Amino acid sequence: MLKRIEHQEEAIEDVDEVRRYAEVQRRAKYMYRPLVKELQALHVTGHYLEIGAGPGLLAAMLAVENPNLAITAIDLSSQMADVASEYFRDHHLQERINYIIGDVNDENVVLGLGKFDLVYSTLSLHHWKEPEKSIRNLWRVVKENGTLYIYDFKRVWWLYFLPGTNFIKAAYNSGEIEEMLHRSHIKSYKIKTLFPYCVQSIIATK
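So the sequence shown is numbered by the working numbering: it starts at 4 and just counts up by one.
I should point out that these hints are in silico values taken from the structure, not numbers from a laboratory. Be aware that a few hints might be false.
Said to hold, decoys possible - Calculated pairs, SDA-like style, for lysine to any residue (alpha carbon to alpha carbon, straight line, at most 25 Å): (1) K132 / Q97; (2) K40 / C201; (3) K40 / F164; (4) K32 / K6; (5) K136 / K172; (6) K209 / Q97; (7) K209 / S80; (8) K32 / V202; (9) K157 / H188; (10) K136 / L165; (11) K195 / Y35; (12) K172 / L126; (13) K146 / D85; (14) K193 / P70; (15) K172 / M34; (16) K132 / Y175; (17) K136 / G178; (18) K132 / R99; (19) K136 / L114; (20) K6 / L165; (21) K146 / K209; (22) K195 / P134; (23) K190 / E147; (24) K146 / Y33; (25) K6 / L114; (26) K32 / R99; (27) K157 / T196; (28) K190 / N101; (29) K209 / P199.
All values derive from a computational prediction rather than experimental measurement.
The task is simple: from the sequences and hints, build the whole structure.
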């Protein structure tokens with residue numbers, strides 16, 4: 004049994020460092036293309052909520068490809084929010100993407116955002132301090148007939164012992180995720196392992 008080890012990662016607090024990080028992300032935006040396709044394949048329209056939005060690249064890509072989408076993005080970092088908001092303004096997306104500073108674990112913050120047709124998160128579940136509580140918070144803001152989509156790393160033995168893989172050690176296996184979903188009273192869901200087999204998606208529908 005591979006023990007889960009909490010990921011202790013320091014947040015980027017300097018706005019210039021955040022800008023450099025965002026620029027690296029944008030240059031490698033082709034890596035987000037499979038995620039865009041995954042989300043588009045859900046065939047959900049209307050209002051989206053992105054959790055752990057970072058520099059806002061994925062939200063921007065989705066908004067550009069679907070002019071009818073409205074997106075609320077949330078992240079803990081005010082610096083990420085500032086850099087993402089600059090990017091949205093530069094690409095004339097500020098009217099369609101609303102960036103909020105807040106914690107997915109904070110029930111009042113999440114519930115105060117309203118209801119959404121699609122709530123999604125990418126590569127942030129393993130960072131959440133109280134993942135089960137956060138999942139329950141997100142499920143409560145999914146509209147009837149809406150969808151919750153979570154994409155994250157998977158704790159796999161063949162990467163666990165390699166150096167520089169703390170994100171794998173902090174990730175959850177499918178059984179742990181299934182237990183959290185059951186305790187959160189989420190009944191209709193699918194958990195899929197995706198290429199390159201160290202990532203997985205959770206798709207839950209109301």
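Each hint tested on the structure:
no., hint, in the structure
1, K132 / Q97, "30 Å, violated"
2, K40 / C201, "19 Å, holds"
3, K40 / F164, "31 Å, violated"
4, K32 / K6, "33 Å, violated"
5, K136 / K172, "21 Å, holds"
6, K209 / Q97, "30 Å, violated"
7, K209 / S80, "30 Å, violated"
8, K32 / V202, "18 Å, holds"
9, K157 / H188, "22 Å, holds"
10, K136 / L165, "30 Å, violated"
11, K195 / Y35, "18 Å, holds"
12, K172 / L126, "13 Å, holds"
13, K146 / D85, "29 Å, violated"
14, K193 / P70, "28 Å, violated"
15, K172 / M34, "22 Å, holds"
16, K132 / Y175, "13 Å, holds"
17, K136 / G178, "17 Å, holds"
18, K132 / R99, "30 Å, violated"
19, K136 / L114, "13 Å, holds"
20, K6 / L165, "14 Å, holds"
21, K146 / K209, "7 Å, holds"
22, K195 / P134, "19 Å, holds"
23, K190 / E147, "14 Å, holds"
24, K146 / Y33, "30 Å, violated"
25, K6 / L114, "33 Å, violated"
26, K32 / R99, "20 Å, holds"
27, K157 / T196, "8 Å, holds"
28, K190 / N101, "30 Å, violated"
29, K209 / P199, "29 Å, violated"
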